[in-house]
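Peer 1: What follows is the residue order along each chain.
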Amino acid sequence: MTSLSLHAPPLWRQVLPYAALLGLALLIYFVFPDQLPMAARIAALAIFVMSLDLVVGYGGLATLGHSAMYGVGAYAAGLLATHLTGNPLLGLLAGACAGAVLALLSGLFLLRYEGLTFLMLTIAISQIAQNLASKLRQWTGGDDGLSGFTIQKILGLASFDLQGRVAFVYCFAVMFICLWLMRRLMASPFGLACVGIHQNRQRMAALGTRIRWQLLKLYTIAGAFAGISGALAAQVAQIVGLDSLGFELSAEALVMLVLGGAGNLWGALVGTVVFASIHHWASTLNPYHWLFIIGGMLVTMVLVPRERWGQALSRRLQLFRRAAAPSGASS
Amino acid sequence: MSELLLETRQLRKSFGGLHVTRDINLVLRAGDKVGLIGPNGAGKTTLINLITGVLAPSAGAVHLGGEDVSALSQAQRVKRGLVRTFQITQLAPTLPVRLQVEMAIHERQGTVGGFWKPRSSYSAVQDESQAILQSLRMAGLAARAPVELAYGEQRLVEIALAMALRPRVLLLDEPMAGVPSGEGQVVLDALATLPADLAILMIEHDMDLVFNFADRMMVLAEGAVLAEGSPAEIRRHPAVRAAYLGEEG
Numbered sequence: 001m002t003s004l005s006l007h008a009p010p011l012w013r014q015v016l017p018y019a020a021l022l023g024l025a026l027l028i029y030f031v032f033p034d035q036l037p038m039a040a041r042i043a044a045l046a047i048f049v050m051s052l053d054l055v056v057g058y059g060g061l062a063t064l065g066h067s068a069m070y071g072v073g074a075y076a077a078g079l080l081a082t083h084l085t086g087n088p089l090l091g092l093l094a095g096a097c098a099g100a101v102l103a104l105l106s107g108l109f110l111l112r113y114e115g116l117t118f119l120m121l122t123i124a125i126s127q128i129a130q131n132l133a134s135k136l137r138q139w140t141g142g143d144d145g146l147s148g149f150t151i152q153k154i155l156g157l158a159s160f161d162l163q164g165r166v167a168f169v170y171c172f173a174v175m176f177i178c179l180w181l182m183r184r185l186m187a188s189p190f191g192l193a194c195v196g197i198h199q200n201r202q203r204m205a206a207l208g209t210r211i212r213w214q215l216l217k218l219y220t221i222a223g224a225f226a227g228i229s230g231a232l233a234a235q236v237a238q239i240v241g242l243d244s245l246g247f248e249l250s251a252e253a254l255v256m257l258v259l260g261g262a263g264n265l266w267g268a269l270v271g272t273v274v275f276a277s278i279h280h281w282a283s284t285l286n287p288y289h290w291l292f293i294i295g296g297m298l299v300t301m302v303l304v305p306r307e308r309w310g311q312a313l314s315r316r317l318q319l320f321r322r323a324a325a326p327s328g329a330s331s
Numbered sequence: 001m002s003e004l005l006l007e008t009r010q011l012r013k014s015f016g017g018l019h020v021t022r023d024i025n026l027v028l029r030a031g032d033k034v035g036l037i038g039p040n041g042a043g044k045t046t047l048i049n050l051i052t053g054v055l056a057p058s059a060g061a062v063h064l065g066g067e068d069v070s071a072l073s074q075a076q077r078v079k080r081g082l083v084r085t086f087q088i089t090q091l092a093p094t095l096p097v098r099l100q101v102e103m104a105i106h107e108r109q110g111t112v113g114g115f116w117k118p119r120s121s122y123s124a125v126q127d128e129s130q131a132i133l134q135s136l137r138m139a140g141l142a143a144r145a146p147v148e149l150a151y152g153e154q155r156l157v158e159i160a161l162a163m164a165l166r167p168r169v170l171l172l173d174e175p176m177a178g179v180p181s182g183e184g185q186v187v188l189d190a191l192a193t194l195p196a197d198l199a200i201l202m203i204e205h206d207m208d209l210v211f212n213f214a215d216r217m218m219v220l221a222e223g224a225v226l227a228e229g230s231p232a233e234i235r236r237h238p239a240v241r242a243a244y245l246g247e248e249g
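Protein sequence lines, in the order shown, are assigned to chains A and B.
Taking my numbering, the leading residue of the first sequence gets 1, the next gets one more, and so forth.
Taking my numbering, the leading residue of the second sequence gets 1, the next gets one more, and so forth.
Chain A on its own, in the form it takes in the complex:
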């Protein structure tokens, strides 16, 4: 359950995770250049999982249809590039608008419900979107996917290259900005109210909160970010398939979120990196049984509370410090 601290941490502690993330990106860029295409895909996907965190971790809305917003964002960016302009930033804007509009329209209906009913209806929305995309072949390419569009230079400076350098920098920059934006949004009174609704709707109603209206805002914002994620993935891959609207993507994103921990956005990022890395390496080692590893990790993460991991880690650190300290230091 999302928990917020009373006092804002000092500036250095707020900046440190972003600096570490930037450092990690530089490391990947310079030390693992052959992994850049995969890293770019992970960065784009991380935006999607973070947007899911807004809905699940902050709002407490369990959904398995979040891919609908990702998919329409991807198709919007693809269609824009096919018919109007290949400007990447306009593509992201189109994806954000498409995701937000679908989330707003579906949310008006979905948020009348809670729990399992809400969950099932979110699946229904993504299935409807997927079937519509399949039927509208002349626009979406149907089962063959939407392809053949090109993306212009990023900010007029650099085109996507075969090594994936530009794609990685572009995806990472967009992900970095989205993470900061989402963290900033959820540090507001609006974010606080969302956490309150998640923890106790009855209390929030007694405070005078318009619960459905607040959740609709959250759902729409999350839809916009999911749309950006879809648009980004479409621009990098230069193809949009029906699977971008599918149930499987939503389910995988939920697994990533559980793996990393919901309700603070950093967990969503960590979960995406862990899941995608294991998917990449383990499926190479054993293409038939790699899901066992993910399943095992998931069971462990769910059964062992996160606090226990933290306590175990701090105990190890203490033991390490004692062992490293000079013998006289402990007396």
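Hints are supplied without guarantee of correctness; some may be wrong.
[As the list claims (entries may be wrong)] Distance ranges between label pairs, derived from CB positions:
{"no.": "1", "chain 1": "A", "residue 1": "Val274", "chain 2": "B", "residue 2": "Ala124", "range": "49 to 57 angstroms"}
{"no.": "2", "chain 1": "B", "residue 1": "Asp189", "chain 2": "A", "residue 2": "Thr300", "range": "45 to 53 angstroms"}
{"no.": "3", "chain 1": "A", "residue 1": "Val274", "chain 2": "B", "residue 2": "Leu188", "range": "47 to 55 angstroms"}
{"no.": "4", "chain 1": "B", "residue 1": "Thr94", "chain 2": "A", "residue 2": "Leu104", "range": "26 to 34 angstroms"}
{"no.": "5", "chain 1": "A", "residue 1": "Trp309", "chain 2": "B", "residue 2": "Asp197", "range": "51 to 59 angstroms"}
{"no.": "6", "chain 1": "A", "residue 1": "Ala62", "chain 2": "B", "residue 2": "Ile88", "range": "21 to 29 angstroms"}
{"no.": "7", "chain 1": "A", "residue 1": "Gln35", "chain 2": "B", "residue 2": "Thr94", "range": "32 to 40 angstroms"}
For the record, the hints were derived by calculation from the structure and aren't laboratory data.
The structure presented is a predicted model; accordingly, all values stated were derived computationally and were not measured.
We treat Cβ as the ideally placed atom computed from N, Cα and C, and that holds for glycine.
For chain A, the structure is supplied; the task is to place chain B on it using the hints.
Peer 2: Chain B in isolation, oriented as in the chain A frame:
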């Protein structure tokens, strides 16, 4: 005569053939302290749910400050100054107490939908939140979450949230329910800090408390008003003595 704040007119609620509220007429003026008693199942909490808009009445109306609010949502009624506490504590379990009070203040001020400004930059809200907790002698608990608090302390948080909303009418649903006897005085002290012009309707099973607190009493039985009057009159009322105070004849 002081300002009329809350009025229910022939308020009725039925679930099928079960009539849980029968034509209740209740009047609360500024400064009124009304005690509502009755056995379990008498319809006390249902009455609060009807007044606050959690339940829609089958018939009758609720007026707040002269305005018919029967068709308004719970949120709209809160905005008009109608606030309640719960029989079973309703709090966000892991949110620090001060943040919950801040949430209530943001709600009152209409800044709860603010997207961009971090909540830490609302210094006036933080100061007010701290002041409310200090007035309830809870400043030391500001950083703690309800799951870490004793039940009596959790009841105080409910009162703090109600105070943060600056109500004109406060409906207290069994504020002492579940509070160990040793912690009861803390809740009583908190109630004493409430503004004098606040109209309060208190449901309570602790007869000593409610008789001392209220200046007017209403007794419910099977959804209907059995008796109404001053605490002294209610103490002498034969039907009340027979049914609720355990005396016969």
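Peer 1: If you check each hint against the structure, which ones fail?
Peer 2: Number 1 - this is the single hint that the structure violates.
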